[in-house]
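Peer 1: If you read the protein sequences in the order shown, they are chains B and X.
Here the working numbering is used: the first sequence runs in plain steps of one and ends on residue 414.
Here the working numbering is used: the second sequence runs in plain steps of one and ends on residue 505.
Rather than coming from a laboratory, the hints here were simulated on the basis of the structure.
Treat the numbers as computed from the prediction; the structure is a model and nothing was measured.
Each residue gets a CB set at the ideal place from its N, CA and C atoms; glycine is no exception.
There may be inaccurate statements among the hints.
What follows is a list of derived Cβ distance ranges for each label pair [said to hold, decoys possible]:
| id | chain 1 | residue 1 | chain 2 | residue 2 | range |
| --- | --- | --- | --- | --- | --- |
| 1 | X | Asp-447 | B | Thr-298 | 22 to 32 Å |
| 2 | B | Glu-296 | X | Thr-403 | 49 to 59 Å |
| 3 | X | Gly-406 | B | Ser-377 | 44 to 54 Å |
| 4 | X | Ser-469 | B | Asn-362 | 28 to 38 Å |
| 5 | X | Ile-397 | B | Val-368 | 29 to 39 Å |
| 6 | B | Phe-350 | X | Gln-491 | 22 to 32 Å |
According to the in silico footprint, chain X covers these stretches of chain B (three or more CB under 8 Å from chain X) [as the list claims (entries may be wrong)]:
| id | segment |
| --- | --- |
| 7 | 328-340 |
| 8 | 373-382 |
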Amino acid sequence: MNGLIKFLTIMIFFAASSVLAGEYTATNALKYVITDGVETEDGTLIGLTAEGVWSDSRGNSGKVFCVGTRGKTLKAFCNSTDQDGDVQNSTATRVGTEGRGVLSGGTGKYANVTGTCSYQLAAFDKESLVGLITLQCTDNQ
Amino acid sequence: MRKYFSFCFYFLILFLISFKSSYGQDFTLTQTIKWSIGTEIQTPEGIIKTLGVDGAYIDSRGHNGIITCVGSIGDVLKADCNLKDQDGDISYLDAYREIGGADGVSKMSGGTGKYQNVSANCVYQIAASNQNVSVGLVTMQCKNN
Numbered sequence: 274m275n276g277l278i279k280f281l282t283i284m285i286f287f288a289a290s291s292v293l294a295g296e297y298t299a300t301n302a303l304k305y306v307i308t309d310g311v312e313t314e315d316g317t318l319i320g321l322t323a324e325g326v327w328s329d330s331r332g333n334s335g336k337v338f339c340v341g342t343r344g345k346t347l348k349a350f351c352n353s354t355d356q357d358g359d360v361q362n363s364t365a366t367r368v369g370t371e372g373r374g375v376l377s378g379g380t381g382k383y384a385n386v387t388g389t390c391s392y393q394l395a396a397f398d399k400e401s402l403v404g405l406i407t408l409q410c411t412d413n414q
Numbered sequence: 361m362r363k364y365f366s367f368c369f370y371f372l373i374l375f376l377i378s379f380k381s382s383y384g385q386d387f388t389l390t391q392t393i394k395w396s397i398g399t400e401i402q403t404p405e406g407i408i409k410t411l412g413v414d415g416a417y418i419d420s421r422g423h424n425g426i427i428t429c430v431g432s433i434g435d436v437l438k439a440d441c442n443l444k445d446q447d448g449d450i451s452y453l454d455a456y457r458e459i460g461g462a463d464g465v466s467k468m469s470g471g472t473g474k475y476q477n478v479s480a481n482c483v484y485q486i487a488a489s490n491q492n493v494s495v496g497l498v499t500m501q502c503k504n505n
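Same shape as in the complex, but just chain B (with noise of 0.2 Å):
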């Protein structure tokens, strides 16, 4: 009896785990542009703004546009509209190469969406700031 219980909970966990979180990652290609610094209590604290284009395993594509700022850590808001014109709103938060982003919600398809994701910036290149960002996410699709 009480391997059945067991089991049976086993097996609505992992049913649970399949209808309430999805997994899947993502890759984006960006460009920076960087602002002025201030300096504040923590450090030189500098604008940027990244713009470019994002793909993931669930077959979605589109433009991405974040708004942030980078002193010891670097954090920005984004927007990434997909090809269907739906918007994702998402939070990103990193320090060094390792960041961590947060989903929360957006227009169309994603307007009840919230996860996060764990993301690295995998490439960079400092003389076109340009960056690849290889992302993990887990979702409540």
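Chain B is already provided as a structure; the job is to place chain X on it using the hints.
Peer 2: Frame of chain B, contents of chain X only:
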């Protein structure tokens, strides 16, 4: 003696498998590129413009670095590229694609350091592009020669 030959036979099989996995393996690249288009000239094949590309890349072999290309673009895109990895070694690459066509083709032909004797045939796709900022995401699949 028979055991000795069996041992040699299995050793040879294992060696061939490991050799193939090291040198005959397919690999992929993902590139972020920013392009700039310059001066145009008239040719018998039509107008062509100069093309410059800068960017960054990663590959499935664990390398990453920067990419620089110079070339031309008209009805077809032709470019020669350098992929400079994290160790400073450079792989020479060319690219050819019909504008408005499907996949482009590319060939790696030697280079410096670890790429000196490496050649590969590749196909590539523009997975996504943003014309407003001239930025693209390129995926490439290669087979070592």
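Peer 1: Take the hints in turn and mark each one as holding or not.
Peer 2: Against the structure, the hints:
no.	hint	result
1	X/Asp-447 x B/Thr-298: 22 to 32 Å	holds, 26 Å
2	B/Glu-296 x X/Thr-403: 49 to 59 Å	holds, 50 Å
3	X/Gly-406 x B/Ser-377: 44 to 54 Å	holds, 48 Å
4	X/Ser-469 x B/Asn-362: 28 to 38 Å	violated, 45 Å
5	X/Ile-397 x B/Val-368: 29 to 39 Å	holds, 37 Å
6	B/Phe-350 x X/Gln-491: 22 to 32 Å	holds, 23 Å
7	328-340	holds (count 4)
8	373-382	violated (count 0)
Checked against the numbered hints given earlier, this structure breaks hints 4 and 8; the rest are met.
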